[in-house]
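Residue numbers (my numbering), protein chains in the order written: chain A, 21 to 312; chain B, 784 to 1209.
Check before you lean on any hint, since a few could be wrong.
Within a straight-line C-alpha distance of at most 20 Å, the following computed SDA-like cross-link-like pairs (lysine to any residue) qualify [said to hold, decoys possible]:
#: 1; chain 1: B; residue 1: Lys940; chain 2: A; residue 2: Arg55
#: 2; chain 1: A; residue 1: Lys269; chain 2: B; residue 2: Lys987
#: 3; chain 1: B; residue 1: Lys1056; chain 2: A; residue 2: Leu274
#: 4; chain 1: B; residue 1: Lys1075; chain 2: A; residue 2: Ala60
#: 5; chain 1: B; residue 1: Lys940; chain 2: A; residue 2: Ala60
#: 6; chain 1: B; residue 1: Lys936; chain 2: A; residue 2: Glu56
#: 7; chain 1: B; residue 1: Lys987; chain 2: A; residue 2: Pro199
Listed next, the stretches of chain B that the computed footprint assigns to chain A, with coverage defined by at least 3 CB atoms under 8 Å from CB atoms of chain A [claimed, not checked]:
#: 8; region: 952-960
#: 9; region: 1081-1093
Hint data in this document are derived by calculation from the structure and do not stem from the laboratory. Quick reminder that beta carbons are idealized off the backbone N, C-alpha and C, glycines included.
Single-letter residue listing:
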Amino acid sequence: MANIFIDNSIVFLLTQIVPLLYIFTATLYGLHFFRELPQAGKYKQTALIVTVVTHVADLGILTTMEGYRLSYSAYNLMSMVALTLTITYMFIELTTKSDKTGFFVITFAAVSEIFTSFLAAQTTGNGPAFSGIGIGVHLIAAIFGFSSIAIAGLYSGLYLVLFRQIRLNRFGLLFQRLPNLEALELLIMHAVGFGFFFLSITLVAGVIEQRASAESINLLDPKLVTLIVIWLLYGISLFIRPLFGWDVKHMAVLLIALFVLITLLLFLMSLITPTFHSTSMIHVLTNHHLKI
Amino acid sequence: MNIISVGVNHKTAPIEIRERISLSEVQNKEFVTDLVSSGLASEAMVVSTCNRTELYVVPAMTEVNCDYLKEYLIAYKDARKDVRPEHFFNRFYCGTARHLFEVSSAIDSLILGEGQILGQVKDAYRIAAEMGTAGILLTRLCHTAFSVAKKVKTKTKLMEGAVSVSYAAVELAQKIFSNLSMKKVLLVGAGETGELAAKHIYAKNARNIVITNRTLSKAEALAEELGTNRVLPYESYKEHLHEFDIIITAVSTKEYILSEAEMQQSMQRRRLKPVIMLDLGLPRNIDPEVGKLQNMFLKDIDALKHIIDKNLERRRAELPKVKAIIDEELVGFAQWINTLKVRPTIVDLQSKFIEIKEKELERYRYKVSEEELRRMEHLTDRILKKILHHPIKMLKAPIDTADTVPSKVNLVRNIFDLEEPNQSLQ
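Pulled out of the complex, with its shape left as it was, chain A reads as follows (with noise of 0.2 Å):
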């Protein structure tokens, strides 16, 4: 079977240049951020949009042009949650003029690009076809939902490791960067508020499919079984801390071992199976397409 990625050599050209350029642009934050290099500083934004704008130009070639179907597989859905947190960032960027967070949040944008780059020179064809609304409204819901898993995460970690630094008086770099911990508070507190609305919408996309559907989904899927246990604990803590003053540290533990699960669990899945769901679901995702 031809190999999309091979065969064309603007979306081969593209595909190599995206990871690359993510590479580049966490490099000039962090180069910003911990060596405060002003040429760095003048050209990082830039070097974010570039990055933004090229990577939804390789996903509009691969869609429109060769007929690629996204998010088939889990790799595919690493690079989604890559260009949302990306773009997420980039508006935080840009709303609130800091960039203090930027090397954290490009970094690890940029891991999930170098690893969707290496695993998609492996696929091949345009993969099943996934068509209509709900399908639709469930991928692109899984992909705001992970990526604000991914962002509550990451400023958790922030939150834990500069709480740590002014409890041990040590007020080195990060304390003299990053944002105050009430700020780093409220960005995890709104992660975790979309989080959990993009997960809900996310759950219920995916039961009206699997009713349209004559099969049944598989209810052991690893990753379905994080997936109901994230929105159970995102919704808890979403009520718990302002009704109970649940202490933002230990809430922040808990979001970073969440993030990691459902990180790796993503990663792991992707090299075991190249298809997200298990595979009754994608016999039911592939017949309705057919019924359609």
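Once you've looked at the hints, dock chain B against the given chain A.
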């Protein structure tokens, strides 16, 4: 033409000497006026602060050198018994300029990067200007120094970060809370330290400041000064601890005024919302065990000094950038001084050629029509301009050392047979 600087500062003399030699504003005015009106100096300025008393003088007589100025100042202050010439530093010409640039940009200050010194140098210049003792040289020197200070402030981080305990306390609070205007602050103790901390935190938009003090009237006075007008009786403030996000203590006491049990109870009442407690007392006012409570940030003077040390370290790292700015401005200033030296020669050269032109045109005044004379004048002006262009350019050209200025000037003067220049202009 020379600029001399002599003076005592924190690097050359102990505080007793600096106090003995310092000048008040009235004395400063009198001193610079005397120096210029007596014909000893053509220009004079004195920068006098708690850490330095420095004279910047353009001598009008060759006898007026560094030693002379030191003795003059010691005599003026009648301090021969206490102050000796060894307590002074000397600077000449570009050394003087470099020193003033370093002073203005706060790299010569006792606390590196402290912001007050620029205002003090500006005051010194204002006094000299008011007294008419700041001429072309000191005016240019001071304005360049102000420009250096501005560049240092905007292009480097020399003045960033807290370097006092009370300001470090505010910096720490800002690293925990986003918006201090939304936070409730309790100040326990209305003494000097507490007052300073309250003023710093007020300057960062904290408006909800409640003050308590053993003597209530002192708390009321400070509250009124800050404009908050909120006080709590010292006997009952502990009942309200849970309401406050920031608690600053600065009282003189031998025992802890706040215990772990009291703060634990307060934390429970506020549902573990973070609290920052700044213990500025010596001996400490708060039981150190309080710092172990969940979401409690307890910092004493030693912890705040860590912030100050880090900030000073960061400021020191900026020194190469500051010195590069000073070097750049110093080169420009030296070039300007050199143009001052060649200016009389340029004026003489232009006058000489204009004189020749006018003499020659005069011979034709009645031989040609008015229109023709006007054209001839126009033509000769253009020729003169072209002839003089290169010599003037050569005189104004940047030079490697000040020593080459006299040789260039002499060469031009000899070639064009110019009269000896007026010494006062040199």
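Practice task
Could you work out which earlier hints the structure fails to respect and list their numbers in ascending sequence?
Solution key: Hints 2 and 4 not satisfied by this model.
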